[in-house]
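First to last, the protein sequences are chains L and R.
When the letters of the first sequence are read in order and numbered with my numbering, they come out as residues 15 to 367.
When the letters of the second sequence are read in order and numbered with my numbering, they come out as residues 15 to 367.
Hints may contain errors.
Note that identical chains are pooled: a pair holds if it fits in a single copy or bridges any two copies.
Below 25 angstroms or equal to it, Euclidean Cα-Cα: the simulated DMTMM-like pairs (lysine to aspartate or glutamate) are [to be verified]:
1) 366 / 284
2) 276 / 250
3) 21 / 170
4) 366 / 322
5) 356 / 322
6) 366 / 163
7) 356 / 279
8) 276 / 352
The set of hints was computed from the structure by calculation and includes no laboratory data.
Note that the coordinates shown come from a computational prediction; the quantities given were computed from them, not determined experimentally.
2 protein chains.
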Amino acid sequence: MDMGLSKILKQSLSRWMGGDGPHNSVAISSRVRLARNLANYPFPGQASSSQLEEVEHKIRRWWNQGGLKSLGKTEYTSIKDISKNERRALVDKHLASPNLARQGHGAVLTNSEESISVMVNEEDHLRIQTLLPGLQLDEVWQLASGVDDLFDTGFDYAWSQHNGYLTCCPTNVGTGMRASVMLHLPGLSLSGQLPIFLGTISKVGIAVRGLYGEGSDSQGNVYQISNQVTLGHREEEIIENLNRVTLQVIRRELDTRQQLLKQGEITLTDKIWRSYGILANARILTSSETLEHISRVRLGIDLGVLEELHPSILQELLVFTRPGYLQKIFGQSLGPKERDVKRAELVRELIKQ
Amino acid sequence: MDMGLSKILKQSLSRWMGGDGPHNSVAISSRVRLARNLANYPFPGQASSSQLEEVEHKIRRWWNQGGLKSLGKTEYTSIKDISKNERRALVDKHLASPNLARQGHGAVLTNSEESISVMVNEEDHLRIQTLLPGLQLDEVWQLASGVDDLFDTGFDYAWSQHNGYLTCCPTNVGTGMRASVMLHLPGLSLSGQLPIFLGTISKVGIAVRGLYGEGSDSQGNVYQISNQVTLGHREEEIIENLNRVTLQVIRRELDTRQQLLKQGEITLTDKIWRSYGILANARILTSSETLEHISRVRLGIDLGVLEELHPSILQELLVFTRPGYLQKIFGQSLGPKERDVKRAELVRELIKQ
């Protein structure tokens, strides 16, 4: 591997991957997503190819004319102009959805720190998404709201007095907003409390998902929690409710980590160092084994056991060791076995920095 | 742990632990043991306490008068004069047997490089033992024979024209000699060929044992092979036969390692590096887990995968991580759990040199 690679990878970090932000020992990132549609066009799922093309051209023209210039430097990427590996890399960085990556008339707008990404012609015409590190729900909401205002100036949104913003999927109608927090919960997981705890949370209007959205596994002890309700509440109320629940989860996770330390510091420390030893030395690493170990390594960083590693190693490995990103990095189409070898190579390089 | 400890440990290496010698990638050490008894005294098992004491005094007096001075500096250690941990440490270095360590009237004579050790009042009055690194059966036999001649000058041996040397256990009668080689067989073990192969060997008059003698497990893929017959053959014939079989085992082991490399270099390399990663980082290590990993690490050294480690790391960990040695080093009586923690501490120190 090129020795400069890890430097290049560090430069390609999105803002949300920085490992900083409030409550960053548990909260990885905060996200708000707004679903919006243009009036007078069918939703993408019902639209003809030429209608989709028209929507995309309209938005691109508006962007070209400086529709987003108040956000600083932004980039417009048409899905059809980039390779399959580059599309997967966008998905791995949470800047695009797997759906969008398959959409011929899709596009993504991003700002330079990738705290803002706008998907064009995903399930809705516009999906405005903002992402920041740590627990910053108010901040991502304000940021998304600002972007929303810009689009609102340029386009007629599909909207009704009674239902609010009209969206393709009924669960998004109303505010069209989904706010979520990505949380690292190794303590609750190790202590066996997680299933019951997450069950309780889902009873207070909060949805729990694995790392890569709906239906995905909770690999690496990373969970997304988000609001289930979009209709009948103001955005600020939804954000406040999610924030309150998140703070409870964080407190519980931190308490559990301290309990685990008290119950058996050497046992926990041993697990952490073994995971570090495997990541730093293995020559073959599957994706799920990598996530299992990086979760423990990150716990070790947060507990002060592993002092020389930066917290962002978790986010880096979450993203860079995904199949799409690996292929982007090594510039080739890799079979699963080759990926496991290249993944191990990459992990060693990143963890030894 | 005291930072100078690993230096002290290195200085306490016996000659056989040096990791060198002919065929040292497979043959750890060669040993000859001669069982001898003094005429006119019952074997230790049948002797009274005062008879045992008399034998011990007799031998000590003879040693004091320079009986072994042609061997250079030698040391006489009475079992009753040393602590329990020091006794166990002698066993761990293969200089005394567990039996002797329990014998109140026992003693051990050693030369400075510990290639010679003579047990007094073990199963027989004298057990002359020589140990050298690698495959050096002729050399250990010559060395033992020389020591035997010295004792023969000083004492009347129990001997008969018909049976040769008389010994406590009938299986030692005749030459009274047991020659053995300690072999590291990770290749045959990993390939699954070992059980069949060892079965074949035992059919040609060769006994196979685990690391710590009769009845012990084959931990760390280390095996002792030795002659079964002591009567009816000259010592040189026995040595030659064992040497021939050993060379066959070594060739087979080396071939198998190359086959394993061909079949899956990355798989094997991965196992080696993972074992290294665990030894270098774990905070809790049981004895058997340590042996499992050190076997792979040593294989890695022999295959040129781990370039910065010295081959003697295997012997060092075989000896220094034993319960007796650990307690000698850390100067205390340790429970099993504490030993696992101290063992991990010691392993990290030694492997990071």
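Tested hints:
{"no.": "1", "hint": "366 / 284", "in the structure": "both (19 angstroms within a copy, 17 angstroms between copies)"}
{"no.": "2", "hint": "276 / 250", "in the structure": "neither (39 angstroms within a copy, 63 angstroms between copies)"}
{"no.": "3", "hint": "21 / 170", "in the structure": "neither (44 angstroms within a copy, 78 angstroms between copies)"}
{"no.": "4", "hint": "366 / 322", "in the structure": "both (9 angstroms within a copy, 17 angstroms between copies)"}
{"no.": "5", "hint": "356 / 322", "in the structure": "both (24 angstroms within a copy, 24 angstroms between copies)"}
{"no.": "6", "hint": "366 / 163", "in the structure": "neither (44 angstroms within a copy, 59 angstroms between copies)"}
{"no.": "7", "hint": "356 / 279", "in the structure": "between (34 angstroms within a copy, 15 angstroms between copies)"}
{"no.": "8", "hint": "276 / 352", "in the structure": "between (42 angstroms within a copy, 17 angstroms between copies)"}
When held up to the earlier numbered hints, the structure conflicts with 2, 3 and 6 and fits the remainder.
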